[in-house]
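Chain A is fixed; fit chain B onto it per the hints.
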Amino acid sequence: MAGELVSPTPALRGSARRAAALKLLRRRLIQAVPLMLGVVVINFCLIQMAPGSFLELMTAENQVSDPATVALLRKTYGLDDPVWMQLLKYIWALLHFDFGFSYRQNMPVIQAIWIHLPATILLMVSSIALAVTIGVAAGVVASMKVRTFWDSLVSVAAMFFYAAPSFWLGIMLIVLFSVKLGWLPVGGMMKIGGNGGVLEILHHLILPTLALGLFYAAIYARVMRSSMLEVAQLDFVRTARAKGLSRNQVTIHHVLRNALLPVVTILGVQMGTVLAGSVVIESVFSWPGVGSLLFDSVSSRNYPVVLGIMVLGSLVVIAANIAVDLIYMWLDPRIEIR
Amino acid sequence: MKPLPLEVRDLRTTLFTRRGEMKAVDGLSLTVGPGETVAIVGESGCGKSLSALSIMRLLPDPPARIVGGQVKLNGRDIVPLPEETMLGIRGKEIGMIFQDPISSLNPVATVEKQIVEVLMTHTELGRGQARVRAHELLELVGMPDAARRLDAYPHQLSGGMCQRVVIAMAIACSPSVLIADEPTTALDVTVQAQVLALLKKLQADAGMAMIFITHDLGVVAETADRVVVMYAGRKVEEASVDDLFDNPLHPYTVGLIGATPTPGAERAERLADIPGMVPPLNALPQGCAFAPRCKRVMDRCLAERPALTAPGPGRLVACFAAEGS
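If you read the sequences in order, they're chains A and B. Position 120, counted from 1, in the first sequence is what the UniProt record's numbering calls 120; the numbers after and before it change by one each time, with no gaps. Position 227, counted from 1, in the second sequence is what the UniProt record's numbering calls 227; the numbers after and before it change by one each time, with no gaps.
The set of hints was computed from the structure by calculation and includes no laboratory data. C-beta: ideal position from N, C-alpha, C; glycine also. Treat the hints with care, since some could be wrong.
Stated by the list, open to error - Capping the alpha-carbon separation at 30 Å, the derived lysine-lysine pairs in DSSO-like fashion look like this: (1) Lys295/B x Lys2/B; (2) Lys295/B x Lys145/A; (3) Lys145/A x Lys2/B; (4) Lys23/B x Lys72/B; (5) Lys295/B x Lys92/B; (6) Lys2/B x Lys72/B; (7) Lys23/B x Lys145/A; (8) Lys72/B x Lys201/B; (9) Lys200/B x Lys92/B; (10) Lys92/B x Lys113/B; (11) Lys191/A x Lys180/A; (12) Lys23/A x Lys2/B.
What the hints assert, rightly or not - Where chain B lies over chain A, by a calculated footprint (3+ residues, C-beta under 8 Å): (13) 230-241; (14) 267-277.
As the list claims (entries may be wrong) - Among chain B residues calculated to face chain A with C-beta under 7 Å, some are: (15) Ser104; (16) Asn106; (17) Tyr153.
Next up, chain B with everything else stripped away, as it sits in the complex:
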């Protein structure tokens, strides 16, 4: 059997700071099949982005370091690999798209130079061939007037066009896994839809596995096959996108969905927010990290940390209240 494009098992990433060790990613496991999109959702600071950077092995070290677990890329565990080997993997087998497209591009290099660079790093193409390929890639990502944009600098392009350039660089070497870290958050709504459609199309054409990190549940509903909900560095729920929206089990997931505005809802109806804040990672409560904000909190939640259980096929949840009901 062909190994899955991406299989993360019990990934643990710790921030070593002066104020103590913080478990930013605490035992994350997930798998992504070919052509599948897995969304990771959660509030700011829940460990979404650090999970992605851990998978890329691009953590800022110090302070962050992977302290345990496996990241299997096409069957090979990349966590113990030396940096030199990672250079040949990043950009080739695994691509990444970032949140702010304009600042993600080098302001003093042309679009062409930045795309050609990734091609010349990972392929045998000469400079001339790489230029031709860069042009093809820009057309592929739907850059309007692609031939002329090759000579442009990032500041001459709009945010949406910059994101297309970033996407072109990420898929230039046809990676088997694409990580998109809030790729539409910084864009106008109309452009968001275009970029999402583009990502979906590219993924379907190439059969890429995609991790989609976002805090926008509307985007999740539109793009993801499966959803992983993270809270304070841990996975608290995992389900297919339909199950998650139809029947969220974890009180945190319920809160997130309740806090999302729905079109057509009564204007007078106030959005339900989740009271309180994400606890600081160096001061996590002894029991469930969500317990201080949870509406269904029980005595047990304060004393004991719930483990992930499988209430149904393809579903995981870490909550005593959800187990009981």
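Isolated chain A (complex conformation):
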């Protein structure tokens, strides 16, 4: 048979797709460099605009009033330099992974964040996992039972959890499950004097995960429902049915994977807000994460720590977005490197 009037595109085999993924990864990492620089400069300037400095609070708390001492401290922390010089020094230090020193914890900023980071990562990962699982499942159910009781139930629940502020939801969960029912701990990450076993931490993780994750589950449920209904209208679904596949087979093998794409997209965009949301939730549940540290540092004008968290937070968001890009590529073979 004569060939078509189109130059044959070689099929991307497994190894070729892996190579393409690596290429994407390299490209995204290179793009991350100017992005990070921008993040550092903007955040540094924002902090400069904030009233007062950590030095004032520090001297006040320690009742230092001797001008000579204050001047010495200013010189030690480099506060006498012009702002642009401070910025350059900060960037230079960052290149050596030096985020400054936190007088409050009396340790380098990076160390203070490092101690709090695992708790936050744990909370974020579990919340996102919960949101995606519940959201996708609820969206699929709603789309398959469209305009029935189940569809309405999902819609109402999604509306509720979308509208409920997370701190309020957190407090209500505490009232119900900790105070009234006594099933789950009020806050913290482990019992006082506990050994930090896996089960103990998971037990403490349940409520903060629900409080943070259900908001996103609500969004994903809505997006997934409409995405499923949209994909179900497409031609290839009719082809699949003409092959003799049952409705469930068509939904699982043909509709679901295509419908997931928008969810993955918003997942990437929302990584930053999940991090921001965890600040609130960590405060409500006394979860010993970066959010608690940030909250504490803002109230104590511990600006080096605030800045450090913002920079590292941006790094986490950038990394998460790269991961989302890779997932997207794996889900949709049409995505080529751009």
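Same frame as chain A, now just chain B:
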């Protein structure tokens, strides 16, 4: 006597919409013998595609539903069958090819996966055997470089290659009936000819009955044995392909043939179009649905709907003017 592969009798499909009930397919009857090709022609919205989807029992419900008639597949009426039984029939006894080949394939699944799926649904083949068979099928439909295309995704293939994949899926289980709904409309002219030749060859080899839906009379002349002309949900004329082109009886058929460009015709000669539009199905005139656009309209046409009559052997027409002449 062996029953015919496909026998449709008085099929009626209605769209139940907010603006009222619309008779999208109104009393369609047709038979297709083994190895025979019956073309259904007509303008957009005349009920061609809904007829095909009715035969497949793949109507979007709501709003569309079969309200009467029979669809006998190898002697068995499939209209009253439950959906579970239909699952074993679609893709196995009756295959379908669609208009837009690229969007007819799942964009995130490989060609192999999509062909293997239909084989594993209807046959006893294991995954490995199904893969081998998928490769054979791709070679059968003339896919260039078939072994490599198995791993390809639809977006990496041209429209013609995608249509070959769709055809491979449709004939994978050797169905006795193949429905092709405008299978060449979305393709380049050169590729159209290749796909038509392929369909003809496959049909001849397997002795499949084929329904060929199109609005392109050139394609009809090339592929069909018999032609059914539909207008506003009804069959208005049926004839063998030669009779139809030599001596069209219904004014609508005459109009359709007149509106088809013929090579070699005088350039100055304008194509004759059919004035007006297909009436909306919920506002059909009381008499003949074509009467408002018909050049030979008579008083009787406006008051009374013409029934199908047989002016000759193997011919049917629903027109008072054609009867009279």
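Does the alpha-carbon distance linking Lys23/B and Lys145/A stay inside the 30 Å limit?
Satisfied, since the Cα-Cα distance of roughly 28 Å is no more than 30 Å.
Counting residues of the region 267-277 of chain A with a beta carbon closer than 8 Å to any beta carbon of chain B, are there 3 or more?
violated (count 0)
Straight-line Cα separation of Lys145/A and Lys2/B no greater than 30 Å?
Judged against 30 Å, a Cα distance of about 43 Å means the pair is violated.
Using the nearest Cβ pair, does Ser104/B come within less than 7 Å of chain A?
5 Å, holds
Just to be careful, I want the Cα atoms of Lys295/B and Lys92/B compared with a cutoff of 30 Å; is the pair within it?
Violated: Lys295/B and Lys92/B sit about 46 Å apart, past 30 Å.
Proposed proximity, Lys113/B with Lys92/B (alpha carbon, max 30 Å)
17 Å, holds
Min Cβ distance, Asn106/B to chain A: is it shorter than 7 Å?
The hint holds - Asn106/B has a Cβ within 7 Å of chain A, the shortest such distance being about 5 Å.
Sort out whether Lys201/B lies within 30 Å of Lys72/B, counting only the CA atoms.
OK: Lys72/B and Lys201/B at ~25 Å, within 30 Å.
Just to make sure I understand the rule, a stretch counts as covered if three or more of its residues have a C-beta closer than 8 Å to a C-beta of the chain. Does the region 230-241 of chain A meet that for chain B?
Result for this restraint: holds, n = 7.
Would you settle whether the hint for Tyr153/B is holds or violated, based on the nearest Cβ-Cβ distance to chain A being less than 7 Å?
This hint holds: Tyr153/B lies near chain A, its Cβ roughly 4 Å from the closest one there, short of 7 Å.
Could you grab the alpha-carbon distance between Lys2/B and Lys72/B and see if it respects the 30 Å cut-off?
13 Å, holds
Under the criterion that the straight-line Cα-Cα distance not exceed 30 Å, is the pair Lys23/A, Lys2/B satisfied?
61 Å, violated
Checked against the numbered hints above, the structure violates hints 1, 2, 3, 5, 12, 14; every other hint is satisfied.
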